[in-house]
Amino acid sequence: MNQYFHSIQIDTEKCNGRMKCLRVCPTQAIRVKNGKAVIIEEKCIDCGECIKACPHDAIVPLTDPFGELTKFRHTVAIPSPALYAQFGREILPEKILSGIINLGFDSAFDLALTCGEVSFAIQEYLREYRGPKPLISNACPAVVRLIQVKYPELTDQIIPIEPPRELAAREIKKKKSKQLKLKEKEIGTFYLTPCPVKMISIRQPAEKGKSFLDGAISISDIYGPLISAMEGIEKGSYRKALENICILGVGWAMVGGICRTLRLKNSLAVSGLADILKVFNDIERGKLRNIDFIEAYSCTQGCVGGSLTVENVYISYNKILKLIETLEYEQIKACPDIREVRKLYSQKYFFIKGKFEPRPLKPLDKDLAKAIKKRKAKEDIYELLPKIDCGACGAPTCLTFAEDVVKGEAVLTDCIFNLLQRFKEPTQDFSELFNKYSFLSQSKSSAKKTSKKGKIIK
Amino acid sequence: MMSEENVLSQHFEITGRDFSNAGKASTSIKEILQEIGIDSSITVRASIAAYEAEMNVVMYAHRGVLTLNITPEKLHLKLEDEGPGIENTDLAMQEGFSTATDEMREMGFGAGMGLPNIKKNADKFEISSIPGKGTSLDIIFCLNKTEKK
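Protein sequences, first through last, are from chains A and B. Positions 46 to 503 (our numbering) are the ones given, in order, by the first sequence. Positions 2 to 150 (our numbering) are the ones given, in order, by the second sequence.
By construction, these hints were calculated from the structure, which means they are not laboratory data. Hints may be right or wrong, so weigh each one.
Unchecked claim - Pairs of lysine-lysine, DSS-like flavour, derived with a Cα cap of 27 Å: (1) K79/B <-> K415/A; (2) K323/A <-> K79/B; (3) K75/B <-> K418/A; (4) K121/B <-> K323/A; (5) K407/A <-> K75/B; (6) K25/B <-> K88/A; (7) K178/A <-> K120/B; (8) K140/A <-> K285/A; (9) K134/B <-> K411/A; (10) K75/B <-> K228/A; (11) K415/A <-> K125/B; (12) K178/A <-> K121/B; (13) K134/B <-> K178/A; (14) K323/A <-> K25/B; (15) K120/B <-> K388/A; (16) K88/A <-> K125/B; (17) K332/A <-> K79/B; (18) K59/A <-> K97/A; (19) K134/B <-> K407/A; (20) K134/B <-> K323/A; (21) K418/A <-> K125/B; (22) K421/A <-> K134/B; (23) K134/B <-> K418/A; (24) K332/A <-> K121/B.
Generate coordinates for the entire structure from the input sequences, incorporating the hints supplied.
Structure follows, in structure tokens:
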């Protein structure tokens, strides 16, 4: 059994070792061995960058097939607000939710409402919190995992409130089972996900608790069928559809949406792993203590940039932004009642059951003296390497290759340059080889001559 | 006795006024400490101290070298810089004392917390300075859990 479950798998049939994934992985969790990509489980944070990079669709997110629905007596679809950003301006959540029911779900739940509740709960938590700052949103599971792996000391700063998708599933199960006189396990809750990482957070929640969701279906899988399913739906009143949208909730689809709709003063919104690393380094150095809240998403622009979405990220980001602006302008506040949220908050309704624990990477050795020796060996090996990060050895950088060698997971001769270096002192084999192929260089130079001659004649 | 092979030693060169590279040395140091499995609370304290020391060079000195020495017993950060030095080190160790310019304060530095912050995070801290020549810092963390500061 693997210690960590990952939603990202490699289809070895399709993988031909082009190494695109190797280079984009932010935690250096991929190696190419015998021409096929391999994921190092311990290092992977399931951000999905490799899925976007693979030209052969050989890296597949493990989401659930549609057929899973038949296992339940009653099925509920819970779409991420990022789904609302996938269609044109005129198609509002109301129509999308009806379309989902046409697809075969028994009901479709507007997650934006729960997102709104959670936004208010975050506000409450920020108000009473007295520990080290800033607090960090847990909306993006890849960010949570990044903190657990690379910034273990910041795990206490992750907000311990259930993400909306989990909270919604928990409540839907409770309510629907009562309403329909079914058992909770007979109600199937399915998240329509913009990214693979939400999938793992279902199979293996970061806080080691249990997920209330039964599965996840990717937005890209449902997109085509949903477009057809929406065709027959009559166009209702635009204004009325608008009035049902929770402004706080739709903000969850894009980076900065929570901060903006809550009007938080000392907050920061970051997206894209490279930038997140810079900001987290500053948090760790204590440079951002004057900031209360950080909203961070591993995908550029937030969930609308997820690898399982369809629409161009800038178009979908803009759609959400415009929607928020319209709702602000029209002063539409179809949001949960804050007094109700406060009441639930005091009853601990919003808090996660478990705790976010650090998950630091294994050191080079358990014994510090040995680890020091290995680290020195790594430095020495690195010095022997060409430092051009060509990836031919199967590791993303010369430095990671040196580490692999120290750990015994690679051998020095895997480096093509080291191999060439050996041939520099011509061994017998090599000079034989050289003589055998010497005609190649000769014919090349003679070819040059003829072409020159040819030119002169002309 | 400490044998040579039990010491991990690494030098980082820091250039004064090079703000675009500021923070790189302390980030590398943090990565090394994580790799060899130093306790995460010590890792954070050491990287904060390293960062403050590094920033002091960037802001005030011409150049400096930050040296990391790790043995199974202790972690030693040594900083030696060439620069104006500090006239009165006792004064410099007081919280809130700073000779930073307005520009540096604009950037969020110069609150007079740098050196006190290093001392606060370290198990042992020593500072010596020759005005007109430079400053040297010795920042030590005990890795042996039974050993107290």
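The hints, checked one at a time:
1. K79/B <-> K415/A: holds (23 Å)
2. K323/A <-> K79/B: holds (25 Å)
3. K75/B <-> K418/A: holds (15 Å)
4. K121/B <-> K323/A: Measuring from Cα to Cα gives roughly 24 Å; hence the hint holds.
5. K407/A <-> K75/B: holds (21 Å)
6. K25/B <-> K88/A: Given pair K25/B, K88/A holds - Cα atoms ~22 Å apart, limit 27 Å.
7. K178/A <-> K120/B: Judged against 27 Å, a Cα distance of about 21 Å means the pair holds.
8. K140/A <-> K285/A: holds (12 Å)
9. K134/B <-> K411/A: It is violated: about 43 Å lies between the C-alpha atoms, which goes past 27 Å.
10. K75/B <-> K228/A: With Cα atoms ~59 Å apart, K75/B and K228/A exceed 27 Å; violated.
11. K415/A <-> K125/B: holds (25 Å)
12. K178/A <-> K121/B: With a Cα-Cα distance of about 19 Å, the restraint between K178/A and K121/B holds, given a limit of 27 Å.
13. K134/B <-> K178/A: Since the Cα atoms of K134/B and K178/A sit roughly 38 Å apart, the hinted pair is violated (cutoff 27 Å).
14. K323/A <-> K25/B: Since the Cα atoms of K323/A and K25/B sit roughly 11 Å apart, the hinted pair holds (cutoff 27 Å).
15. K120/B <-> K388/A: violated (45 Å)
16. K88/A <-> K125/B: Measuring from Cα to Cα gives roughly 34 Å; hence the hint is violated.
17. K332/A <-> K79/B: Distance of about 22 Å is within 27 Å: holds.
18. K59/A <-> K97/A: Given that 27 Å is the threshold and the Cα spacing comes to 15 Å, the pair holds.
19. K134/B <-> K407/A: violated (43 Å)
20. K134/B <-> K323/A: violated (33 Å)
21. K418/A <-> K125/B: Status holds; Cα separation ~25 Å.
22. K421/A <-> K134/B: violated (33 Å)
23. K134/B <-> K418/A: violated (36 Å)
24. K332/A <-> K121/B: Holds: K332/A and K121/B sit about 16 Å apart, inside 27 Å.
The earlier numbered hints that this structure contradicts are 9, 10, 13, 15, 16, 19, 20, 22, 23.
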